[in-house]
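Using the sequences and the hints, build the whole thing.
As given, the protein sequences belong to chains U and E, one line each in that order. Its first residue numbered 12, the first sequence is counted upward by one per residue in this note's numbering. Its first residue numbered 113, the second sequence is counted upward by one per residue in this note's numbering.
Any given hint could turn out to be false.
Which residues of chain U face chain E? A few of them, derived with a C-beta cut under 10 Å, are [stated by the list, open to error]:
#, residue
1, Ile32
2, Leu43
3, Ser224
4, Val225
5, Arg228
6, Pro236
7, Ser241
8, Val246
9, Gly250
10, Gln258
The hints are simulated quantities; they were obtained by calculation from the structure and are not laboratory data. Glycine is no exception: its CB is placed at the ideal position from the N, C-alpha and C atoms.
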Amino acid sequence: RGIKFWVSPGSGLRKRQPKWIMAAELVETTRLYARCVAQVEPEWIEKLSDIDRWYVAQFSKFLQKLAATPDVDGRTLLDNAMIVYGSGNADGNRHTHDNLPVILAGGPQGLWVADDYLFVADTYNNRIVRFDPVSAWPREDPVAGQISPPMTAVFGQDDFTRGTPNRWDYAEPTNQSFQGPVAGQLVFAVALGSEALGLPAAAPESLEPNTESVGLRLFESYILPFEIASLLLLVAMIGAVLLGKRQKPPRRGT
Amino acid sequence: MIPTSHYLYLALALFTIGVLGVLTRRNVIIILMSIELILNAVNINLVAFARHFGSVDGQIFAIFVVTAAAAEAAIGLGIIIAFFRNRETVLADEMDLLKW
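Below, the structure is given as structure tokens:
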């Protein structure tokens, strides 16, 4: 999407500079960092997007079938139903549950009226999520260019990272723009990514041993404090030996 | 995934125990141990925030804090041993050499 970003300093890919990478999220701290980075091959992305496209096409067919079937009250089944499609994890590596890539399909004659809250029992994460009513949604998200329904966890666990000024770059396709967005499919590819295919290089960043990056950082940008610390240890050792040495009994006459 | 706040609560508890130990105990060795507790509480804070913000710098700072703590422990124990040889005491309120 033409965004320039830096690979997160905790990642093992920071020094390697692979040609193609895939990131689960972009976070703006001191710079725009990409987190949960995995090295990928372009063929994998194509394969994955083929799979996702197939799933989304199946879902679309299902919706069309619903729309073609009349219900008893004269409307179609789709008008009277509410269908949720998406992932239970926004970021599969770190199990974050904010900004879920979810499609809500169905008519206003379903469970959800425009001025009602929608409560979704999220048993997988032990919580209840409240979506704000449709009338209160922002029409356009200024960052992602997509509509993201405001949701809050009203019961159960909430995420600690919610309050931080992160700039999430998820796109959340809703049923209004269902047919289109390639960006939405990309989000699915990213969210499913490493878990679905078991990519070999996709070690989860939170679990990966960061000994290498710590060591590199210690010997590159922190080399001067490191040397000073070694000097401090040497002085402390000499001082401890001097302090602990048993003094000779003082000679007579001096 | 453990939220960052839990680490902060743990660090807060350790820090409180350390400060109470420094302020209330008479034995110099226990005071030294309490200072170590305070330093380690700071270490937990550093590492927790490093993880929270996805950065390595906090961990490196924790390494330096451990280094300084080692030097401090060595020198402190050396001073205590030397003092005990001279005055036969390790109690803080009996160390009144500088008091006129």
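The hints, checked one at a time:
For the restraint placing Ile32 of chain U at the interface with chain E, the shortest Cβ-Cβ distance is roughly 16 Å, beyond the 10 Å limit, so the hint is violated. At about 12 Å, the closest approach between the beta carbon of Leu43 of chain U and any beta carbon in chain E exceeds 10 Å, and the interface hint on this residue is violated. Taking 10 Å as the C-beta contact cut-off toward chain E, the hint placing Ser224 of chain U at the interface holds, the least distance being around 5 Å. A hinted interface residue such as Val225 of chain U counts as satisfied when its beta carbon comes closer than 10 Å to some beta carbon of chain E; here the least separation is about 5 Å, so the hint holds.
The closest approach between the C-beta of Arg228 of chain U and any C-beta of chain E is roughly 5 Å, which is under the 10 Å cut-off, so the hint is satisfied. The interface hint given for Pro236 of chain U holds, since its Cβ lies 6 Å from the closest Cβ of chain E, which is under the 10 Å cut-off. Contact between Ser241 of chain U and chain E, as hinted, is supported at the beta carbon level, the nearest pair being about 8 Å apart and thus within 10 Å. The closest approach between the C-beta of Val246 of chain U and any C-beta of chain E is roughly 8 Å, which is under the 10 Å cut-off, so the hint is satisfied.
For Gly250 of chain U, the interface hint holds, since its Cβ comes within 10 Å of a Cβ in chain E; the closest pair sits about 6 Å apart. Look at Gln258 of chain U: its Cβ gets to within about 8 Å of chain E, closer than 10 Å, so that hint holds up.
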